[in-house]
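Participant: Just so you know, the protein sequences line up as chains A and B, in that order. Residues 15 to 422 (the numbering used here) make up the first sequence, in order. Residues 54 to 303 (the numbering used here) make up the second sequence, in order.
If you're looking for bench data, these hints aren't it; they were derived computationally from the structure. Don't be surprised by glycine CBs; every beta carbon is placed ideally from N, CA and C. Check the hints yourself; a few may be wrong.
As the list claims (entries may be wrong) - If you want the ones that stay clear, here's a sample from chain A, every Cβ over 10 angstroms from chain B, calculated: (1) Val-23; (2) Val-102; (3) Lys-103; (4) Ala-107; (5) Thr-133; (6) Ile-332; (7) Val-336; (8) Arg-372; (9) Phe-377; (10) Leu-419.
Unchecked claim - Label-pair ranges, simulated between beta-carbon atoms: (11) B/Arg-135 with A/Leu-299: 49 to 55 angstroms; (12) B/Thr-81 with A/Leu-37: 55 to 61 angstroms; (13) B/Thr-66 with A/Arg-341: 26 to 32 angstroms.
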Amino acid sequence: MNPLEIVRVAWRALRRNKMRSFLTALGIVIGVAAVIAMVAIGDGARVRVEQSFASMGSNMLIVLPGTTTAGGVQGGFGSLPTITWDDVKAMKAEVPSVRWVSPGLRSTAAVVSEDQNWTTTVNGVSPDYFEIRSWPMASGAIFSPSDVDSGTKVVLLGKTVAEKLFGAADPVGQSVRIKDVPFDVIGVLATKGQSPMGQDYDDAVFVPYPTFLAKIQGGLKNVVQGVVFVGATSAEGTAKAERQVTDLLRDRHRLAPGADDDFSIRNLTEMAGAMEAGTRTLTTLLAAIAAVSLLVGGIGIMNIMLVSVTERTREIGIRMAVGARPRDILLQFLVESLALAIAGGSIGVALGLFTAERLAATFGWPMLVRPGVIVVAVAFSGLVGVGFGLYPARKASRLDPIQALRFE
Amino acid sequence: MTALIELHDIAKTYRMGDVSVEALRGVTLTIEDGEFVAIMGASGSGKSTLMNVLGCLDRPTRGAYRLAGEEVSRLGPEALARIRNRTIGFVFQSFNLLSRTSALENVELPLLYSGLGARDRHARATEALRQVGLAERAGHHPNQMSGGQQQRVAIARAIVGRPRLVLADEPTGNLDSRTSVEVIALLQALGRSGITVVLVTHEPDIAEYAGRVITMKDGLIRSDERRKARIAAPRAEAPEGGAAAAEGRP
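Produce the entire structure from the sequences given, and follow the hints as far as they go.
Facilitator: Here is the structure:
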């Protein structure tokens with residue numbers, strides 16, 4: 015019997031019981047759709063995490079000053095300024111795996127244009143900051159090292175601030191007042207988006223850190239009252255940079271071996287890696303649960319095929335009497351279950367893609383479906399069809415033609 | 054004439070739990086090419102078992118069976134299926150047509166398993182239906198046809214593969230006497246066209262149409278006599294055209 019005929023006979027048999035075939039395939043539809051949607055959700059979450067970490071900065075370490083311990087109460091990081099400006103210079107000059115260093119000083123203040131004002135975060139940084147954060151300009155230019163050295167009163171606006179103060183107009187060349195000090199706007203930063211915690215990165219302005227210290231928020235001359243951003247030379251270099259910066263600071267702070275660090279370092283690359291591993295585990299878990307439903311769908315196919323073999327015992331007997339070989343009968347039932355599984359799998363792919371797309375749209379995730387997942391899901395449903403169809407098909411092919419013909 | 058069927062000391066024992074039933078107890082029989090044979094006997098006489106062995110649906114526990122010169126008593130299921138497909142056509146008491154399947158497709162069924170292309174299948178099935186006088190019913194389903202018509206479709210299915218042997222197991226059992234004669238006439242026409250027909254029946258008046266009547270009892274052949282067969286006259290309007298069918302007219 016040629017393959018085309020087998021498929022035709024199988025198709026007719028399935029069409030004869032439309033509702034039953036549909037319900038049987040539905041088990042596979044749901045299973046495949048669930049696998050695809052779940053993997054897409056997991057992948058979407060992972061990419062979202064990756065993107066938000068990438069927007070924080072690449073190869074970035076954050077060095078925080080140490081803690082105070084007063085009467086057994088830990089003051090938390092940053093409560094005691096332990097990092098000096100000399101430490102900051104030394105990090106850049108002496109640590110080979112460190113490429114960029116910028117202090118991060120921050121304060122909240124109202125920024126006032128001619129007719130608008132907006133309360134936002136004012137940051138005191140060095141030009142390196144924008145390299146570490148991989149944050150390009152939308153217009154204008156970053157302040158130069160000489161602006162930093164001489165403490166020029168220039169400011170870069172985040173996109174949100176630029177829009178609040180100047181609307182659609184180009185703010186470059188305008189001036190704004192921060193704490194009653196006039197600043198020249200020399201640039202607007204490109205849109206950065208949100209932090210992993212949902213904070214708007216673009217709602218901020220940036221001034222050179224000496225200017226910040228002189229005009230925005232005075233304070234101790236020698237120590238950094240904020241954090242230090244460190245950019246490593248490469249992603250692989252962040253762990254090394256962390257170690258080297260730690261050694262440098264311990265040495266400079268003359269900490270005895272065994273003593274606690276009086277600072278702390280956050281390695282964002284490692285954090286990102288950990289979160290990514292977390293979402294990857296989540297994806298696997300979701301896919302595994304979805305795969306169980308695919309398995310249940312397969313059992314549904316087996317169940318219906320067994321019923322079908324019993325119902326059609328007489329038909330099998332007739333076919334055998336006129337010359338169908340056991341192999342022909344086996345193939346016919348196998349193709350039927352395979353057809354159910356493949357049809358279910360294909361509809362499941364469509365449904366899964368649709369669900370993934372809707373979910374992505376709802377949660378604002380990137381729509382991400384790996385082609386490999388579709389291939390695996392369809393192949394797996396085919397495997398389920400053959401696997402669970404084999405037993406009923408064998409049962410049919412081993413019927414005794416005489417018994418089968420007598421079957422009522 | 055050459056022997057189409059040669060049975061030598063065929064025995065068949067069924068095991069039913071602890072009890073074994075000897076359905077055939079040593080049957081030796083030769084049927085020539087082109088014979089029209091009726092096998093008679095009460096129920097339990099072994100005639101159905103003999104039929105199943107002859108039709109290669111069942112294998113004997115003992116003895117030798119040569120069909121068209123080939124020893125078939127020890128062949129496996131695949132080889133037996135091939136012989137049923139190529140050499141034998143079956144007609145059953147309960148017609149055994151596939152429901153919800155057109156007459157034409159029912160007739161095509163054996164050709165499906167002999168690997169014939171769709172065009173040839175179609176042509177041969179149409180020709181077979183014409184031979185039994187049902188050409189215009191090709192598209193009808195079994196439940197749209199009378200018992201006699203269904204049995205004629207079954208006969209078309211039996212001969213579509215051009216077999217040398219047609220086995221009819223109580224082919225008139227579910228039919229009224231007039232329709233029975235019609236079906237017998239078709240079988241006789243097959244006989245005249247050179248096909249060997251073996252008919253199982255328990256009705257003596259049906260056996261009259263055979264040129265040889267074998268009577269079974271208790272798993273053995275009781276009598277085996279040749280006589281002049283009565284010729285069945287088909288209903289005048291039934292088979293229209295077709296060489297075999299036309300010959301059935303008196």
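Participant: In ascending order, which of the hints set out earlier in this document are inconsistent with the structure?
Facilitator: Going through the list in order, the structure violates hints 1, 6, 7 and 10 and respects the others.
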